[in-house]
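From just these sequences and the hints, can you work out the full model?
Protein chains: 2
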Amino acid sequence: MTRKLFIPGPIDVRDDVLQKMATPMIGHRSKDASVLQESISKKLQKLFYTESEILLSTSSGSGLMEGAIRSCTSKKAAVFSCGAFGDRWYKMAVTNNVKADLYKVDMGKAIDPEMVDRVLATGEYDLITIQHNETSTGITNPVEEIAEVVRKYDNIVFCVDAVSSAGGVKIEVDKLGIDILITSTQKALGLPPGMSICTFSEKAIRRAGTVEFRGTYLDLLDIYKYLKKKNYQYPSTPSISHMYALDYQLDNILNEGLDNRFERHQAMAETVRAWAIKHFKIFTDQNHLSNTLTVIENNQNINVSQLNSKLMEKGMQIANGYGDLKEKTFRISHMGDYQIEDIQNLLNTIDEILGF
Amino acid sequence: MTRKLFIPGPIDVRDDVLQKMATPMIGHRSKDASVLQESISKKLQKLFYTESEILLSTSSGSGLMEGAIRSCTSKKAAVFSCGAFGDRWYKMAVTNNVKADLYKVDMGKAIDPEMVDRVLATGEYDLITIQHNETSTGITNPVEEIAEVVRKYDNIVFCVDAVSSAGGVKIEVDKLGIDILITSTQKALGLPPGMSICTFSEKAIRRAGTVEFRGTYLDLLDIYKYLKKKNYQYPSTPSISHMYALDYQLDNILNEGLDNRFERHQAMAETVRAWAIKHFKIFTDQNHLSNTLTVIENNQNINVSQLNSKLMEKGMQIANGYGDLKEKTFRISHMGDYQIEDIQNLLNTIDEILGF
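Same order as they appear, the protein sequences are chains A and B.
When we follow the numbering used here, the leftmost residue of the first sequence carries the number 1, and every step to the right adds one.
When we follow the numbering used here, the leftmost residue of the second sequence carries the number 1, and every step to the right adds one.
Be aware that a few hints might be false.
Copies of the same chain are indistinguishable here, so a pair counts whether it falls within one copy or spans any two.
[Claimed, not checked] Subject to a maximum C-alpha distance of 20 Å in a straight line, what follows is the list of computed DMTMM-like cross-link-like pairs (lysine to aspartate or glutamate): (1) K203 with D154; (2) K225 with D87; (3) K152 with D117; (4) K4 with E313; (5) K310 with D32; (6) K99 with E212; (7) K46 with E144; (8) K229 with E202; (9) K31 with E313; (10) K31 with D12; (11) K314 with D32; (12) K230 with D324; (13) K4 with D32; (14) K170 with E256; (15) K75 with E202; (16) K230 with E327; (17) K91 with D222.
In case anyone wonders, no lab produced these hints; they're calculated from the structure.
What follows is the structure in structure tokens.
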């Protein structure tokens with residue numbers, strides 16, 4: 001039985017999109033491959049409101065997060081973390097011998113733009129990283145306010161992890177001055193996992209040119225240069241199946257209309273929040289709630305694992321809390337191609353199981 | 001029109017295998033994901049004649065090549081190159097600040113085991129890399145003889161790129177003492193590109209433990225530890241579509257019978273070689289010919305690009321020479337699930353076009 005996945009990725013993929021994963025192969029050095037990538041790039045530029053070049057990487061979102069911090073930190077990176085994925089970015093810096101400091105806030109809280117201001121005012125840093133959407137806590141950081149702070153300083157490369165939000169929430173890359181926006185296929189874009197995506201600004205390109213040891217496979221500049229020189233092709237063989245599915249799904253997304261899509265995500269989020277407030281409590285700071293994922297505090301002491309087992313018998317699945325938050329919280333994702341009715345159906349089923 | 005690809009990857013994928021790429025999603029932290037990976041690992045251990053643990057990486061083969069040389073070089077790497085992919089391994093070392101020396105032979109020649117012996121006798125190195133099959137020149141290096149040399153020395157981590165041969169040619173990993181054998185999905189395994197595979201020996205595991213900056217996403221030890229701790233799961237979200245297709249295709253491969261499969265590849269190679277000798281000349285040293293790919297010297301001064309255009313009109317495609325060898329050579333791959341008749345049909349079509 002196929003299960004409806006309300007976990008924060010992978011999520012369900014529409015049948016017509018899945019079928020595109022079964023497209024017959026083409027050579028990655030063929031004209032067809034160039035045409036395919038150019039088509040994808042143009043559509044992603046619309047989705048991200050940017051004129052920056054688009055890079056794909058056959059890797060999970062983590063691959064490009066690592067590539068970004070390593071390729072573009074010359075002096076030192078300021079890593080702002082409000083959960084597990086912020087911490088992961090710091091680990092990537094450390095394991096690559098990239099100088100970085102970690103600035104953390106409590107789980108469930110958002111990054112404070114004033115903290116970003118204080119940190120950047122030291123003049124020690126030339127790159128910052130934040131999560132647009134922190135998958136472990138359901139925070140959407142105030143990216144507009146943080147962007148305003150970043151713009152006060154010269155020469156800061158601004159990296160944003162939007163793995164669990166891009167495609168479901170409006171992020172205006174150029175207007176905000178984001179240099180590297182990173183996402184991957186298996187979340188709000190509604191595709192299978194296996195490919196990650198980023199924008200790569202002129203400032204980021206110039207910066208990477210000053211960094212000595214950037215590696216190869218995840219070196220954003222190496223990918224960019226090849227793409228430019230070889231008419232939208234990649235230095236090594238990409239996942240052509242994902243490229244076909246992505247190109248097709250971007251049509252679906254643009255046909256739905258970006259504003260419609262973002263509104264649908266907001267409506268799904270509001271439905272889950274209303275239910276959560278009625279029966280439990282929302283774990284996350286209410287001023288910074290995510291439109292793609294809700295993290296609920298288990299103040300009723302239900303057995304989350306047991307609830308999930310029963311849901312699975314009924315063909316659905318939610319996520320337990322992340323790491324130390326297991327059983328203390330649980331997570332419901334509402335992203336990709338789900339409709340309000342799918343969300344309502346899930347919540348009704350939980351009500352039934354828990355006797356609400 | 002779908003084209004039959006006789007390029008050295010991606011190659012044609014059988015329809016039933018392509019359909020597995022469209023399998024609905026599962027959570028990558030679910031029991032189903034663990035069961036799937038364990039099944040894949042057991043089958044790949046049979047294919048590679050090894051008890052070493054199997055690691056998958058959502059990346060091209062280049063990703064794991066870089067991960068191997070970076071994760072496991074403590075003193076210095078000796079990179080033996082007989083073509084473009086050997087050179088690429090050296091570039092990966094340099095861009096990661098990994099100490100390495102490059103030992104090259106002329107294009108079309110194989111790595112000489114005596115050269116390996118002389119190099120290792122210096123005592124400077126603790127890791128070596130070779131291509132089992134060099135995709136730019138059609139060389140299959142004498143891996144058995146090189147393995148015999150490597151065994152004379154203590155504590156050498158032996159890395160072998162079998163991206164364009166594993167699955168089509170017998171490589172007995174444990175018997176040869178290969179520590180890290182690397183391949184990817186889109187060549188002799190007969191799958192779409194997007195996932196790479198390696199074996200990871202106890203010696204390689206111990207060595208990686210002594211290396212400080214291994215990065216994160218391509219760090220073989222990080223992947224290995226997570227796999228062991230979390231019951232065959234991965235630190236970041238893998239390409240589940242590829243895992244389903246790989247698991248299924250490995251059954252096809254094992255059902256064909258490994259010896260049958262390797263013999264089929266040899267028969268296809270012999271067919272192409274006989275044709276090449278009749279009309280052209282084989283570019284590659286005749287003592288080290290590849291069973292998955294033949295590189296033909298264009299001593300008739302045909303226009304290779306034009307030949308390929310005409311082939312494409314007839315629904316087939318071969319590859320021009322790699323890099324500087326363009327037009328001077330051309331390449332016909334014979335790997336994956338092609339049968340002798342497919343190869344014969346290609347050669348007949350070329351004959352027709354060229355008026356042989």
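Against which earlier hints does the structure fall short, listed by number upward?
none
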